[in-house]
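Going line by line, the protein sequences match chains S and A. Take the first sequence: its position 347, counting from 1, is numbered 347 in the numbering used here, and each next residue is one higher. Take the second sequence: its position 149, counting from 1, is numbered 614 in the numbering used here, and each next residue is one higher.
Honestly, I wouldn't trust all of these hints.
Only some residues are given here: those of chain A computed to face chain S with a beta carbon under 8 Å [what the hints assert, rightly or not]:
1) I469
2) H470
3) I472
4) L476
5) A512
6) L515
7) L651
8) H654
9) G771
10) P813
Label pairs and their calculated CB-CB ranges [as the list claims (entries may be wrong)]:
11) A:E622 x S:D392: 52 to 62 Å
12) S:H5 x A:P639: 41 to 51 Å
13) S:D392 x A:D473: 46 to 56 Å
14) S:K37 x A:P909: 54 to 64 Å
15) S:K37 x A:L915: 48 to 58 Å
16) A:D473 x S:R441: 34 to 44 Å
The set of hints was computed from the structure by calculation and includes no laboratory data. Built from N, CA and C at the ideal position, the CB exists for glycine as well.
There are 2 protein chains.
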Amino acid sequence: MKRIHPIDVILHKRDGLTLTDQEIRAFIRAIVDRTPKKQLVTDSQIAAFLMAVFLRGLSPRELATLTEAMRFSGEVAYTEALNTFTIDKHSTGGVGDKTSLLIAPILAAAGLAHPTPEGVPGIVVPMISGRSLGHTGGTLDKLETIPGFNTQLSFAEMRDVLKQCAASLIGQTPHIVPADRILYALRDHTGTVESAYLITASIMSKKLAEGLNALVLDVKVGSGAFMPTYEKSKLLADLMVETGEASGTRTVALLTSMDEPLGRFSGNWVEVWECVDIMRGTRHPMSRDLIELTNILSGWMLHLAGRACTPEEGAKLSDQILHSGEAYKAWLKIVAAQGGDTTIFADPAAHHIPTATRTLTAPRSGFLTSMDCKQVGWAVQRLGAGRANPGDLVSAHAGIESHAKLGDRIEEGQPLFTLFAEDEALLDEPEKMLRDTLRIRSKPAPRPPLIHEVITANEPKPAIR
Amino acid sequence: MKRIHPIDVILHKRDGLTLTDQEIRAFIRAIVDRTPKKQLVTDSQIAAFLMAVFLRGLSPRELATLTEAMRFSGEVAYTEALNTFTIDKHSTGGVGDKTSLLIAPILAAAGLAHPTPEGVPGIVVPMISGRSLGHTGGTLDKLETIPGFNTQLSFAEMRDVLKQCAASLIGQTPHIVPADRILYALRDHTGTVESAYLITASIMSKKLAEGLNALVLDVKVGSGAFMPTYEKSKLLADLMVETGEASGTRTVALLTSMDEPLGRFSGNWVEVWECVDIMRGTRHPMSRDLIELTNILSGWMLHLAGRACTPEEGAKLSDQILHSGEAYKAWLKIVAAQGGDTTIFADPAAHHIPTATRTLTAPRSGFLTSMDCKQVGWAVQRLGAGRANPGDLVSAHAGIESHAKLGDRIEEGQPLFTLFAEDEALLDEPEKMLRDTLRIRSKPAPRPPLIHEVITANEPKPAIR
């Protein structure tokens with residue numbers, strides 16, 4: 001067969017032709033196999049390809065093939081060896097979004113309750129998470145506030161944890177989807193980040209490398225979402241579902257609100273604290289939205305895993321698992337298996353030791369009608385909880401506590417946010433950012449719904465009558 | 466003012482916004498000013514920009530600004546110092562296209578005949594030419610078959626030759642339009658060569674760096690043209706005329722046929738020989754199309770320079786200058802001024818010494834109705850006269866002689882082409898290429914017209930009646 005040259009792949013995409021599977025695989029292979037001495041493909045060629053994809057888009061098959069080629073560009077989890085139902089959840093990122101810390105134990109509890117004939121949990125969750133960047137938080141940063149907790153497991157170590165605990169919470173390694181690392185670094189400085197096609201290939205290649213039977217996607221919409229409009233979030237959800245299903249992974253996406261921080265706390269240790277409280281039976285009113293979203297997402301996962309006839313029944317089961325303390329037991333097991341010190345959970349509030357605290361109060365009475373949730377996320381970052389650039393250090397104790405939710409009736413002088421930082425000087429700018437973004441109006445405005453839409457691969461077709 | 470970052474220029478072009486003059490200038494400046502240590506803009510960013518321009522195009526103003534920014538990215542000829550009418554011709558490249566070797570002397574003769582009050586020729590032609598590449602020939606390769614002829618003059622040396630001879634035939638230097646060298650090298654391997662916008666900026670920036678009052682463009686159409694369709698050649702002509710006029714250079718483009726080799730010979734020394742023959746009064750029947758095209762192009766130039774009331778009168782004047790021997794006198798002057806040995810022109814045929822010759826004869830009688838002129842160009846290249854890659858060596862003596870033109874009545878066994886090479890082994894493949902591309906049919910087909918269309922900046926508008 002004729003050897004495929006990267007330049008031909010660029011030309012075909014540039015001219016709007018559909019790339020063949022062979023062309024896409026050869027291009028990704030060249031990216032991964034090149035060495036400084038043997039430049040099978042140059043950075044400039046990859047950049048030209050990325051811009052052509054940005055402007056031309058990809059057909060469903062091209063996108064599925066690109067995702068598969070990236071998925072298999074490095075190490076894959078090989079969870080098939082466990083011979084059980086493998087499922088995960090992925091969120092496009094938000095503020096105070098800590099559902100992973102609850103969902104992994106809930107599904108693990110369900111998996112541990114019904115082992116396979118071989119003695120493996122009936123459901124496993126091989127969750128690979130990311131770090132905070134920009135206005136969004138990162139699950140790994142939260143987990144690493146637990147002393148001893150090791151997120152840097154190999155896939156072999158992860159499989160051992162899964163066998164024992166049914167869930168594992170780990171980080172990306174350089175061996176997982178190396179093609180994405182190379183592409184992402186180039187996209188970042190060539191203006192090709194915000195392509196729904198390239199985002200889909202990036203996210204889905206990493207998720208599918210876990211070897212999943214099913215995947216539930218939490219695609220954020222609203223002022224704190226990564227995608228700028230509802231339509232673009234929906235396109236991203238559609239593409240991810242289509243791509244997941246094409247690879248044989250049952251995939252469902254929920255478009256959910258990110259118009260205000262989710263739950264009570266946004267930060268690192270404070271988010272672990274909030275989850276531990278919930279799993280131990282405390283239901284703080286500010287955590288209500290977090291618990292609801294967690295149960296809906298877990299409900300879909302339990303449904304896809306065959307533990308509930310409908311997602312709604314799944315959500316009820318999820319809530320039971322949370323309430324009964326089973327999720328907390330699974331959580332302690334996972335943390336211990338990954339080297340974490342579980343004694344810290346005995347009194348989580350005692351371990352929240354910011355050196356500087358300030359409370360932002362309402363300047364007038366009325367209704368809290370809106371905020372720019374992205375600005376709130378940036379305020380949390382500036383307090384020290386997040387990072388502006390990859391590699392920056394984050395504070396365990398920085399963050400915010402929400403005292404009111406959108407739609408709430410507010411009295412003048414009532415606390416709206418408490419800010420935490422490790423240095424008094426870090427409070428001023430975030431306080432101003434938060435103050436500027438809050439809108440208190442005399443008339444109430446409707447709260448945005450928590451779930452906007454559920455996206456599955458096959459939309460119902462109109463019947464012929 | 467806010468500093469302009471290359472990434473923003475990429476994003477704006479990607480998103481279909483119109484780039485400001487400042488943005489375009491800053492981007493080109495960053496390309497030229499960067500050093501290995503200070504990567505103001507990376508190759509990947511330039512590649513992404515080029516692909517975005519390829520797919521989005523450029524507005525007339527963006528194109529004019531880009532061309533100007535590139536033009537002034539290095540040394541410019543500063544022919545304004547001569548205080549005379551400066552004019553040039555540019556061809557998009559063809560097979561056997563040697564009009565430059567005739568047009569420069571014709572215009573020089575006209576310029577020398579009417580000096581300015583300061584004693585400078587009334588017209589000067591600061592012609593910067595290129596080398597053979599792929600299926601097209603290069604003026605520099607032809608000139609360098611003249612012993613001693615130096616094409617590597619500085620702009621200062623060129624101005625001295627212009628003062629004395631009214632024309633100068635030189636090559637590109639690294640100091641002229643350095644931005645184009647960088648962009649072109651990247652375009653070549655990122656699939657962004659065939660953009661009419663980028664081609665226009667590349668050609669026009671180099672031509673306008675000569676400091677021209679007027680420019681006549683010979684844009685080839687047909688099977689031997691660089692652009693694949695008539696429409697694309699016309700788009701290129703339109704863009705080049707628009708861009709030339711925007712910079713204050715009177716610009717006209719002629720769409721001319723490149724369906725068969727122009728004139729009698731295609732190669733290097735053989736083309737010089739053909740021109741010397743013409744300038745010394747020999748009118749070989751196979752040179753008829755070459756002489757006609759030369760006179761039409763020179764006619765436009767003489768018209769634009771104010772020496773003829775119409776292009777048609779200009780063409781008549783050009784033919785007189787050719788006939789009278791004035792062009793030949795100017796030619797000898799130019800060659801001598803650039804160090805060339807003019808004694809070689811006394812018997813040019815004697816200096817044509819290929820070691821291998823073969824004649825291709827007609828396999829049947831009929832009419833020569835078509836050939837793939839690009840294939841003919843590649844055959845000339847394979848004989849040794851051209852180069853597949855920049856930097857390859859070319860043979861002075863390789864080439865072909867045409868014995869028939871499209872539309873001619875052919876008798877079986879009559880010679881069609883004579884092939885010249887410096888090695889017998891080099892004849893076989895080109896002979897087959899030529900044989901395969903020639904079509905002899907029983908019925909005649911009309912010859913394509915030599916000139917298809919003349920493009921000026923302002924198309925006539927319908928009158929209001």
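Against the structure, the hints come out as follows:
1. I469: With a minimum Cβ separation of about 14 Å from chain S (threshold 8 Å), the hint on I469 (chain A) is violated.
2. H470: This hint is violated: H470 (chain A) lies away from chain S, its Cβ roughly 10 Å from the closest one there, beyond 8 Å.
3. I472: holds, 6 Å
4. L476: Where the cut-off is 8 Å and the nearest Cβ of chain S is about 5 Å from L476 (chain A), the hint holds.
5. A512: holds, 4 Å
6. L515: holds, 7 Å
7. L651: holds, 6 Å
8. H654: holds, 6 Å
9. G771: It is violated, given that the least Cβ distance between G771 (chain A) and chain S is near 45 Å, above 8 Å.
10. P813: At about 42 Å, which exceeds the 8 Å cut-off, the nearest Cβ of chain S leaves the hint on P813 (chain A) violated.
11. A:E622 x S:D392: 52 to 62 Å: holds, 57 Å
12. S:H5 x A:P639: 41 to 51 Å: Once the Cβ atoms are compared, 29 Å apart, the range 41 to 51 Å for P639 (chain A) and H5 (chain S) is violated.
13. S:D392 x A:D473: 46 to 56 Å: violated, 23 Å
14. S:K37 x A:P909: 54 to 64 Å: Given about 59 Å between the Cβ atoms, the range holds.
15. S:K37 x A:L915: 48 to 58 Å: Between K37 (chain S) and L915 (chain A), where Cβ atoms are some 52 Å apart, the hint holds.
16. A:D473 x S:R441: 34 to 44 Å: At roughly 36 Å between Cβ atoms, R441 (chain S) and D473 (chain A) fall inside 34 to 44 Å, so the hint holds.
Violation of the numbered hints given earlier is confined to hints 1, 2, 9, 10, 12, 13; the remaining hints are satisfied by the structure.
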